[in-house]
Amino acid sequence: MMPAGFFSWLWDRMNVFATVFLGIFIEAVPYLLLGTLASGLVEVFLDRSQMSKWISRRPVASAVGGALMGLIFPVCECGVVPLTRRLFNKGLPLPAGIAFLLAAPVLNPIVVLSTAAAFGWGNMLFWRMGISMLIAVTVGIVFSTEQDPANILRPILTHDHDHDHTLETGASFSEKVRQALLITADEFFEMGRYLIIGAMLAAGLQTFIAQSSLLAIGSGPVLSVLVMLGLAVLLSICSTVDAFVALGFTGAFSFGSVLSFLVFGPMVDIKSIIMYLQVFKRRPVVYLAAIPFMMSLLAGVLFNYFQP
Amino acid sequence: MDKRLYRSLQALLLLGMCIFLASKAANGQLTYYINQRFIPLTILGIISLAALAQTMFTEIKRSRRLAEEDEHDHGHAPASANLWFMLVPILIGVLIPARPLDSSSFTTKGFNTNAPLVSADSSAQLFETASQERNVLDWIKLFNYESDPSKFTGEQASVIGFVYFDEQLGENQFFVSRFVVSCCAADGFAVAIAGEWEQASTLEKDSWVLVKGSMQSITLNDQVVPLIKADSVQVIPMPEQPYLFP
Chain A
1 MMPAGFFSWL WDRMNVFATV FLGIFIEAVP YLLLGTLASG LVEVFLDRSQ MSKWISRRPV
61 ASAVGGALMG LIFPVCECGV VPLTRRLFNK GLPLPAGIAF LLAAPVLNPI VVLSTAAAFG
121 WGNMLFWRMG ISMLIAVTVG IVFSTEQDPA NILRPILTHD HDHDHTLETG ASFSEKVRQA
181 LLITADEFFE MGRYLIIGAM LAAGLQTFIA QSSLLAIGSG PVLSVLVMLG LAVLLSICST
241 VDAFVALGFT GAFSFGSVLS FLVFGPMVDI KSIIMYLQVF KRRPVVYLAA IPFMMSLLAG
301 VLFNYFQP
Chain B
1001 MDKRLYRSLQ ALLLLGMCIF LASKAANGQL TYYINQRFIP LTILGIISLA ALAQTMFTEI
1061 KRSRRLAEED EHDHGHAPAS ANLWFMLVPI LIGVLIPARP LDSSSFTTKG FNTNAPLVSA
1121 DSSAQLFETA SQERNVLDWI KLFNYESDPS KFTGEQASVI GFVYFDEQLG ENQFFVSRFV
1181 VSCCAADGFA VAIAGEWEQA STLEKDSWVL VKGSMQSITL NDQVVPLIKA DSVQVIPMPE
1241 QPYLFP
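In order, the protein sequence lines correspond to chains A and B.
Using the numbering used here, the first residue of the first sequence is number 1, and each one after it goes up by one.
Using the numbering used here, the first residue of the second sequence is number 1001, and each one after it goes up by one.
In silico SDA-like cross-links for lysine to any residue, where the CA-CA straight-line distance does not exceed 20 Å:
| no. | chain 1 | residue 1 | chain 2 | residue 2 |
| --- | --- | --- | --- | --- |
| 1 | B | K1003 | B | S1080 |
| 2 | A | K176 | B | I1060 |
| 3 | A | K281 | B | A1079 |
These are computed hints drawn from the structure, not numbers from a lab.
Chain B extracted, bound-state conformation (with noise of 0.2 Å):
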């Protein structure tokens, strides 16, 4: 390949994929791929990867001005096989259309109704946090880490996650699931808790739940795990984040 159309690709393509990133932040999507706090990083490589571009640009008109000085062949390119690359990632990203993980992750990911976390001491700090403002993660915590979990019993719980029915749960009972997201899609797992409501048949499997109620317990795989006594099962949108972050 010549060297200046080599040259021109890259430019195209990095300014695709500086494009590509970029249309993602702005939308919010990049959520749906990695833990937020890596955002900034992304954002750098954008603006690195329009840098690269500028440089690829300015790059190409010198080396059209030194064609024009010399005959000289100015080399021949890498394998151009590498720029192709570089396309799978933007296609994939805008020919499937952006879903966060869900229910169909199961099968391989599976999903946890008790996973110890994060340190003790962080789950102490959760003692203190209004009943109401714990998350699924948080309440699961909370039951792994207290050792007698009625203390528990009663307590107002307001939870948002997806819906997913289980065969390990009975009439009447679905789980509320979240994924946690430490890094990137790659290493997400979901973290679930039960629901009860009389009308949970109507629910959708993956459609996005506000569940309050009364928390209670329920021993699955011989250990005890959170159960909402749900008053009201509020179907709502999509959150703008839809993972956890640990």
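This is chain A alone, in the form it adopts within the complex (with noise of 0.2 Å):
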């Protein structure tokens, strides 16, 4: 028999689970909604010629003018993973659309509004986005080397498969509206399931193991920024506010260790793993969590020893 302890216990830990899970889905979906919606319109109004005139083919123009697009598509990190597939369907370059992901959460009007609510029109700010700017055009110059993006992507399934969403050119506009909300619909489902499974696994983790065990990892110049580095990937926060939650450490950690969560946790955390896996091959997705953790962390390292 297990002891009356245990299930108290095992109630409150599912209520604590329940309540973290539902706080992460409820705060997502007008995200993952807006998003989606992009998402239907590029397809449906946006022509393949538009943007190969509109998007530079050469590397690192390409990277930065898709970092730069962020600031016209100010969507956070559960929306810009299905507006970036979408674009690369309609042939964005892949430097460009791999730029775009990882900085559009971060370089776009909400995401600076609240950083500089946060922590004023200073140093954080202009450092925040300064950093991943570089980090996201250097990730998207390094998918440069790639030629062919089927090798990096994985394929649209719902795209092909049914020619109730392929338009004939003339298409009355309601008859496009129309289209555009179907792929909505499609797409908040095919998302959903993996912002649904990233908050499970957030939610578990937080449900499960003390933040006080991350902290005590260490206090250190490069201890420290590892541990704010886990903690965003753990807390997997929206970046329209992350600032606000970033502002609570500030005490007790560094300003080099603070401005890494603030950089990397847009880019890479649990929920946004598990969803790039559904657009990118195995292969790709660990470079994109790889090297922004490894520039993230370098950063935050130089800033805490340069920094006074």
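Put the two chains together into one complex, using the hints given.
Written as structure tokens, this is what we have:
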């Protein structure tokens, strides 16, 4: 027989899990809807020929352009994944798409404002944007060595299966909107599935792993950055508000460590990795997580050593 | 799976999700999960879900009409597993009674008696707030901001929070705690200030209380943190917004 204490413990754990899980999910739903709607509209209203006119084929210019696209498409990390996949499908070059995927959750007007609200128009905002841009462009350039997007991307399932979605030229506006909404719904389910899995993992970790055990790892110039990077993955907070959460760590952690949290969190956390795996093959996801990790770590450690 | 069946299930699930979120919004439970300033976004999400469900229902009618016109098979649907996952949040929300974060999450999330939370200038504004109107978080910010917290000694305090007992504290002492949520429950962390009351042992863990008394201080982990010497401790129902929003 299990002791009664075990059941009350389990019940408490389940309640914490349910509250944290629903917190992440309910918070993310509007952003996911926004991202999938953008994706549906791009599919229907954007021509492949227009795309190649706008975005340069040269790797560096293309990556920089992609990183700045977030200023036009204000999406956070839940919405950016379906939108990026759709843009790839429209012929967006790999470096631009990768840079967009990593930079858009930070380099967008909403996040600029929320970071400024938390930290003021100063160093933290400037370096957060600058280093995020640098990492996104670097990873974009790394991916430019791959010529064929098919080696990196999984095929889109919701695209070709259904001749409902292919539009004859000259379809009426309302017909186009109808198609865009159908794609939105399909993608909401497809991406929602991975959001739900990711939110369950994040909530499970928060339910069973003590944050204090992470904080106890250390406070040295390197360890403290590692702790903040781990926390960014563990918390899986939306980039639109993570600055307010980071503020809570400014007392216990140095500028460099908090900065690394703000740079790395929007690019890589549990739910975004799960969603990346749906769009990219496995190896590219390793690069997408590992390069930002190492660069954020390096940036955080450098700041810890050289900033007073 | 047949395309039309797939669309029907999508429509029902979109509607289900819409009703689920709308009911959470209607009974005020959204603030158990997210910061209140995101509620307008959630409302927008509810409306969008309703619009998408409507699109699906129209689509089903349309495909029925098309099917009568020609016998052509309208393609097969994407993996149906995608659909069932949407049931997970609804089931969790319906089967597990809604309960905001409380002291049972302290084992993993911990709690803070001293947390530098908001930039200095907004802490400075707190000096102008009447002492009885400051909440748990305000007091902690003030103690953190002011190098000489003894200047608050004797000020009248009136705070609400839930009760938590901890071995750091002495006899007749307890913590009054609140969760602070910036975005959603995932980033929630607890703040707590100490209270001292003769009948503290009659209080129940996690019960909500209104503590009135005079502000003193206590040293915990080498830091001077607030302690309310309570004149009265009144058990109250859980407030409509259980969390504080920084």
